[in-house]
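Dock chain to chain to rebuild the complex, using the hints, since each chain is given by itself in its own frame.
Residues per chain are reported as follows:
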Amino acid sequence: MEPSLASYLALSGILFTIGAVGVIFKRNALGMFMCIELMLNAVNLTFVAFSRYYADVTGQLFVFMVMSVAAAEAAVGLGIIIAFFRNRQSIDVDDASILKN
Amino acid sequence: MVGSALFFVFAGLAIACAVSMVYHRNPLYSAISLVGVFISLSCIYVTLAAPFIAAVQILIYAGAIMVLVVFVIMLLNLDDDKPLNRLRYLYAVGGGLGLILLVQTFFIFYAVMRAPQQAVNGAETVGKTMNIGRGMYTEYLLPVEIVGVLLLMAIIGGVVLARRLAQPQLELVVDQELDERGLEEEKGDYRVAI
Chain A
1 MEPSLASYLA LSGILFTIGA VGVIFKRNAL GMFMCIELML NAVNLTFVAF
51 SRYYADVTGQ LFVFMVMSVA AAEAAVGLGI IIAFFRNRQS IDVDDASILK
101 N
Chain B
102 MVGSALFFVF AGLAIACAVS MVYHRNPLYS AISLVGVFIS LSCIYVTLAA
152 PFIAAVQILI YAGAIMVLVV FVIMLLNLDD DKPLNRLRYL YAVGGGLGLI
202 LLVQTFFIFY AVMRAPQQAV NGAETVGKTM NIGRGMYTEY LLPVEIVGVL
252 LLMAIIGGVV LARRLAQPQL ELVVDQELDE RGLEEEKGDY RVAI
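Here the protein sequences come in this chain order: A and B.
Residue 72 in my numbering is what sits at position 72 of the first sequence, and the numbering runs on without skipping anything.
Residue 188 in my numbering is what sits at position 87 of the second sequence, and the numbering runs on without skipping anything.
FYI, nobody ran anything at the bench for these hints, they're computed from the structure.
A portion of the hints provided could be inaccurate.
[Said to hold, decoys possible] Straight-line C-alpha distance at most 25 Å; calculated SDA-like pairs for lysine to any residue:
#1 B:Lys229 / B:Val147
#2 B:Lys229 / A:Met65
#3 A:Lys100 / A:Phe84
#4 B:Lys229 / A:Lys100
#5 B:Lys229 / A:Tyr54
One chain only, chain B, in its complex shape (with noise of 0.2 Å):
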């Protein structure tokens, strides 16, 4: 009963939060509000029993890509975004496209509802820290080897994109060559011609 009652008061909480998430146009609100989902759905895996999972989800979600994400919001400094001017109608088109796909989930869903509708006997333990180190570093080896490099190609995409580009040293160049040679006046002439 009580497992219950906080699943529903949670998924409230996380519908709630993804609608004001998608309702505000500050981009500050909404991250506040993507927070908010992330907590809330922490809070369901606690009542999944799977506590590694939702300390994991606080740490990387609401801890590292909330904070990269707020942190570019103050960055670029942001004014709120604008409503759609022309196109209105995409707000109709996007509604029907949303129903229609929530529509395709549920018959998915409905589809497998052959899954056991209680938990299989033992399923307490899974989330266990233990168990997911287990099965990190002996059956699933490989995919979290892979994953380790992806990282690493995310690591250095960043850094490759985010860096501000050097200015060419050309120009300097020549400029120290003509000021070598006493060549004040053709300087402009070099200048164009890069």
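With the rest of the complex left out, here is chain A (with noise of 0.2 Å):
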């Protein structure tokens, strides 16, 4: 017997929630951004389990998509943080309030 598609729903759900909260709980850029690739992958995992359940192809390759897109958001993402740091020496993102005043 195999698990329902609700099973892995509320797994993608829960998961999304924990990076989500998270995203709002840490104070530095990279932890933000660990979350954010969390939540990414949750809803890969939504995607993968409607495909199976579905029986249709579409799912796993938008899972392809999101995978290059979380790629590229790494590669600029952390050229940001990189920038960010030495402009600062620091990557708290309360620090990065250069546009406030």
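The structure is reproduced here in structure tokens:
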């Protein structure tokens, strides 16, 4: 007997919520970045589960696209983090307040 | 029965690793926990008859992206994340928002529970690499090309962002000019002007 579709969706929802709460709680940019990766993975799990239960390959192809976007995001996001660290000697998002005044 | 047991083992592992990732203040511990989440999810993909996605998950996420993140953590030599000293109520607000989000997600999933409870026949072969490749290069060719362009843009953007800007060469040129004219004492004035 296999677990039902609902179990996979529940796991995905829990992981997504943990990622979203992590983005709120984390203070450093790298931590927030990793929480965003976790949310992307939760959505990927939904796609694969639906793809399995509807016998449609589209979901798995879209997972592939999401992974490509995550890789692009990693390259650009980490570049931004390094540039920010070079200017401020910190990656605390509270220090990124140059537009505030 | 075995599939169900495997699912619950890896689901528990994924949730535990995710909580550990949010809990730890040391970025390196968070990164290792996130690798744990990726590997558990990869095992769940195998139970969902998606071996190609499982392999790509390990290769891209645990192999490429997390290596990049760990590399940046090592490069920047970060301290632990400081606890939130001001705005402590933000923890309560964040927890409340998370709870609302969880309830919303479950409500949406409950609303779409008209989905089939058992897998459609023939679903075993959907995740085979051949089927994915066929879909990728026939029906979904345009999105794949767009992703290629996106990756190219990301490469260029990453290089532009991460490179150290060259120092302006103007000062040097002016110095050379003054040296040639033998005006050593005026260098300081020109520097101020620049």
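Structure-based check of each hint:
1. B:Lys229 / B:Val147: Judged against 25 Å, a Cα distance of about 11 Å means the pair holds.
2. B:Lys229 / A:Met65: Measuring from Cα to Cα gives roughly 17 Å; hence the hint holds.
3. A:Lys100 / A:Phe84: Holds: Lys100 (chain A) and Phe84 (chain A) sit about 16 Å apart, inside 25 Å.
4. B:Lys229 / A:Lys100: violated (51 Å)
5. B:Lys229 / A:Tyr54: Since the Cα atoms of Lys229 (chain B) and Tyr54 (chain A) sit roughly 15 Å apart, the hinted pair holds (cutoff 25 Å).
Of the numbered hints given earlier, the model fails hint 4 alone.
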